[in-house]
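Residues per chain, in single letters:
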Amino acid sequence: MEILKGIGVSHGVAICSAVVLDAEEVRIPQRHVVPSKTEVEIQRLRKAFLDATQEVSNLRVSQSDQWDSRIKDIFAVHLHFLRDKTLRKKIDDLLAEKCYTAEYAVSFVMREIAQHFSNEKDAYISERANDIIDIEKRLLRHLLGEKRKDLKNLRDPVVVVGYDLSPTQTASFDKRYIKGFAIDAGGRTSHTAIVAKTLGIPAVVALGNISTLVTSGDTVIVDGTRGRVVINPDEETIAEYRAFAADILQASIELDVLKDMPAETLDGEIIELMANIEFPKEALTTLEKGGDGIGLYRTEFLYLDAPKEPEEETQYKVYVETLKNMGDKPVTFRTVDLGGDKFPRNIKMIREKNPYLGLRSIRYCLQHMDMFKTQIRALLRASVHGKTKIMFPLITNLMELRQAKWVVADVKEDLEEQGIPFDDNVEIGIMIETPAAALTADSLADEVDFFSIGTNDLIQYTLAVDRVNEKVASLYSPLHPAVLQLLRKIVKVAKRSRIDLSLCGEMASEPEFTPLLLGLGFDTLSLAAPMIPEIKQIIRSVSMEYCRDVARRALKFDTDTQTISYLREELRKIQKREI
Amino acid sequence: MALNPSDKIVKEVQVLIEEGLHMRPAMQLVECANKYDSSVSLSNGKTEVDGKSIMQVTMLAATKGTMLTLSASGSDAHQQVEALALIIEDKVK
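Which chain is which? The protein sequence lines are A and B, in order.
The first sequence begins at 1 in this note's numbering and counts up one residue at a time.
The second sequence begins at 1 in this note's numbering and counts up one residue at a time.
Hints in this document: simulated from the structure, not taken from any laboratory.
Note that this is a predicted model, so its numbers are computed, not measured.
Check the hints yourself; a few may be wrong.
Pairs of lysine-lysine residues, derived as DSBU-like cross-links and limited to a Cα-Cα distance of at most 30 Å, are as follows [to be verified]:
1. K8/B with K47/A
2. K149/A with K46/B
3. K90/A with K35/B
4. K259/A with K281/A
5. K46/B with K89/A
6. K64/B with K85/A
7. K121/A with K64/B
8. K471/A with K5/A
9. K89/A with K11/B
A few chain B residues that face chain A, going by a derived Cβ cut-off under 8 Å, partial list only [to be verified]:
10. G20
11. Q56
12. T63
Glycine included, each C-beta is placed from N, C-alpha and C at the ideal position.
Given these sequences and hints, build the entire structure.
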């Protein structure tokens, strides 16, 4: 039994068998299989070699003659390596002798060869190490790709353990059987955290090296409430956690009675609680949890795992399904927000040095007009089936907003000419998620119907902290005075300009922030659907007068540590009904 | 005179390829070696490798000027060694 401590980013407890997911980008940890399973690993290896060989042959053929013949040569060399019997034998023998997994055996042998090349003084030869690493990556991609397919076709519940999870990976999981996440890297707003909250399953991140300590099949307890993971727990620990899990379940059943009650403060202020979703099916969870609508539909999830860019008709159907599921409740569709940490598996995007500062989100869309227009067209066509709102992400200046709006006007004109119906009054809004947008909110407000604050990115860009890098996780602070001042400014602008305002970052789903946000003047919050009842319960326990007082005090602290301990203390009082 | 299959053909050659026996020439060499039935090895005096394996040939990392010993055994060993020597001495155009 081994207990690891990390950051709990989604509450609850899961006791389950683990599936370890390695990533080709990071070093494959040494992992073993039981001797009876080595034959399975050798078969996986054989298949990976076959698939990789096929892939390289295709690549070689598709390189037309306009290319330098050297590129073809490189592929030819790779093919020779993939077909090299002595190489295969070397990996097979190592695997059989040491009972390694196929991934580790490949990685070990290829790195040994690469090392051999790197040590050569001759530049021509030492550079060949890169070719070997390339071949290694290709083989690993096939091996891991197969494993990912396994996560699509699960039959038993599992906890996923890995270095980190990318949106592209999670998009392909069969979510019915995923019961928890335990991850080496990541912070509070990393993708893993967002997905876990949306699914309502426990998750612990920043665990350091859990992916090297766990072997697929080990029993693992993920305690997202206390930020702990237990590997191969003893009977006593399991019993203890079963009891804890039952308590959590009981509490959530009690919260379910709130489903049809409004999120109304003690003094009668109604707060709208919307859901953040990634897939149309989650509209149903939203209704189950008593959500007032969809405040953030992350449409890029249609693109991440798709075999190719989704066509207008495909998108249209998905959007209509979501709108119909929601009935007369509003759905805010955020236009494609790719890049940053979201890269589609099958759509080519150039890898940049600073992806969060690069060609992502609306910037990418405005440079890929065909793709953008296709989405806007699908959204406008769907708009006759429900209350549709369109929202542009990562706006940093007025010209971007205007360009995006021109596209909408353009597409509307086309639809009109073709006699295709759409709702001409579709509301257009933007995400405020950069300091630039927050500080120029005045002029942006004149040209939109609503703002939605994306605190995850707003915090990252304001504090210059990569929100998925666990090494600077302690600097990622929603309560930094600079963040709070920006939030206050945006609220003021929205009120003065009489436009709708909501907050859709992870802050909205943290109970200790709820009184502060209400006090700052937010009357719409959008969060992961499973968290709605808990936040509703807080809202129903406080008055606006109290919340405004909390906000006033919170804004006076000089450091976020003071603010957080103050807010935690207030939350404790609310929960014990001491206010 | 027909060769006995068990006969071993041995030949010393010097690497004359400008960039050494690296990827592309190694590939040519391995491709050529595999056209023959005989088995063939290359040795630089310290390490002996299989001439039909690209991994082993490239790992030999024979730069220009290196002396290599080719040894082949099999029915077409003689032709094989001559053909490989041409590649190593950069005489193939």
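Hints, verified against the model:
1. K8/B with K47/A: 37 Å, violated
2. K149/A with K46/B: 46 Å, violated
3. K90/A with K35/B: 23 Å, holds
4. K259/A with K281/A: At roughly 19 Å apart (the allowed maximum being 30 Å), K281/A and K259/A satisfy the hint.
5. K46/B with K89/A: Holds, at roughly 23 Å.
6. K64/B with K85/A: Between K64/B and K85/A the Cα gap is close to 27 Å, so the pair holds against 30 Å.
7. K121/A with K64/B: 13 Å, holds
8. K471/A with K5/A: Holds: K471/A and K5/A sit about 15 Å apart, inside 30 Å.
9. K89/A with K11/B: Status holds; Cα separation ~28 Å.
10. G20: This interface hint holds because 6 Å falls under the 8 Å limit.
11. Q56: Since the shortest Cβ distance to chain A is 6 Å, the answer is holds.
12. T63: Holds, because the Cβ-Cβ distance from T63/B to chain A comes to roughly 5 Å (cut-off 8 Å).
The structure is inconsistent with the numbered hints 1, 2, although it conforms to all the rest.
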